[in-house]
Amino acid sequence: MENRGTILITGGSGYIGSHTAVDLLQKGFDVISVDNLSRSKPFVSDRIKTITEKNFIHYRIDCRDHAKLRSIIATHPEITGIIHFAAFKSVSESVKIPLIYYDNNINSTINLLRIAEEFSIKNFVFSSSCSVYGNTTELPVKEETPVSTPESPYGWTKLISEQVIESHAKNSPANFISLRYFNPAGAHESGLIGEIPFGDPENLVPAITQTAIGKREKIIVHGCDYPTKDGTCIRDYI
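Be aware that the sequence shown starts at 5, since it is given in the working numbering, and climbs by one per residue.
Since the hints were made in silico from the structure, they are not lab data. Don't be surprised by glycine CBs; every beta carbon is placed ideally from N, CA and C. Hints are not guaranteed to be accurate.
Pairs of lysine-lysine, BS3-like flavour, derived with a Cα cap of 27 angstroms [what the hints assert, rightly or not]:
(1) 126 / 31
(2) 58 / 31
(3) 31 / 53
(4) 146 / 174
(5) 45 / 31
(6) 126 / 72
(7) 45 / 126
(8) 58 / 126
(9) 219 / 100
Cβ pair distances, simulated, as ranges [stated by the list, open to error]:
(10) 204 / 179: 22 to 32 angstroms
(11) 64 / 153: 30 to 40 angstroms
(12) 74 / 47: 23 to 33 angstroms
(13) 221 / 173: 41 to 51 angstroms
(14) 134 / 42: 19 to 29 angstroms
(15) 225 / 176: 25 to 35 angstroms
(16) 219 / 42: 19 to 29 angstroms
(17) 224 / 123: 43 to 53 angstroms
Please model the entire structure based on the sequences and the hints provided.
Listed below in structure tokens is the structure:
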């Protein structure tokens, strides 16, 4: 298969990052992954190789470490794009330790933007969040829905990062996009990679599966009379 370019993925051993790495490798891209493994498992990179039967480069570094990150990108001038997934993502934890969330999530983004500009990397994808919409009353939420006041420090880190990117993009020839997705769910069909929560899971699917296999005694349903649709992903029914 003809090579389609080289993509740097931050948080490449995480839930979404690992699935993105698999998809890119299978579609003919070369992948360079960076992850400090503070919220992910070291065996994930080997499982990506098993699934794709392709090799890729993985570096264990913190995206806030300017010198190390710059050295990696300088070593790989073939990089044509960056997909920035690396971030802390627990809403409840962000309330308890907000300064750590602001430091990690925002400074890693600024660091990447600076290095991408230095090495003229033309494509930058930022993993944002639906949390930037706050408690909006405008439904359904669309791309054009105005951002509002986030309800957690985590949400603020995503909104501030988006604002930094937007300001930077006005004076940059590069292409930028922010992905404001809601809660992703599911796992790779091989069962080798999926969402691996640290401690008690905050997302529904891991909580359900852990209850099903006996790791949790029960699952608690908060509220039973909300006038909302079920919202289960269609792919999970299929």
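Cross-check of the supplied hints:
no., hint, in the structure
1, 126 / 31, "20 angstroms, holds"
2, 58 / 31, "11 angstroms, holds"
3, 31 / 53, "14 angstroms, holds"
4, 146 / 174, "23 angstroms, holds"
5, 45 / 31, "24 angstroms, holds"
6, 126 / 72, "21 angstroms, holds"
7, 45 / 126, "30 angstroms, violated"
8, 58 / 126, "25 angstroms, holds"
9, 219 / 100, "26 angstroms, holds"
10, 204 / 179: 22 to 32 angstroms, "39 angstroms, violated"
11, 64 / 153: 30 to 40 angstroms, "36 angstroms, holds"
12, 74 / 47: 23 to 33 angstroms, "28 angstroms, holds"
13, 221 / 173: 41 to 51 angstroms, "49 angstroms, holds"
14, 134 / 42: 19 to 29 angstroms, "24 angstroms, holds"
15, 225 / 176: 25 to 35 angstroms, "46 angstroms, violated"
16, 219 / 42: 19 to 29 angstroms, "22 angstroms, holds"
17, 224 / 123: 43 to 53 angstroms, "48 angstroms, holds"
Violation of the numbered hints given earlier is confined to hints 7, 10 and 15; the remaining hints are satisfied by the structure.
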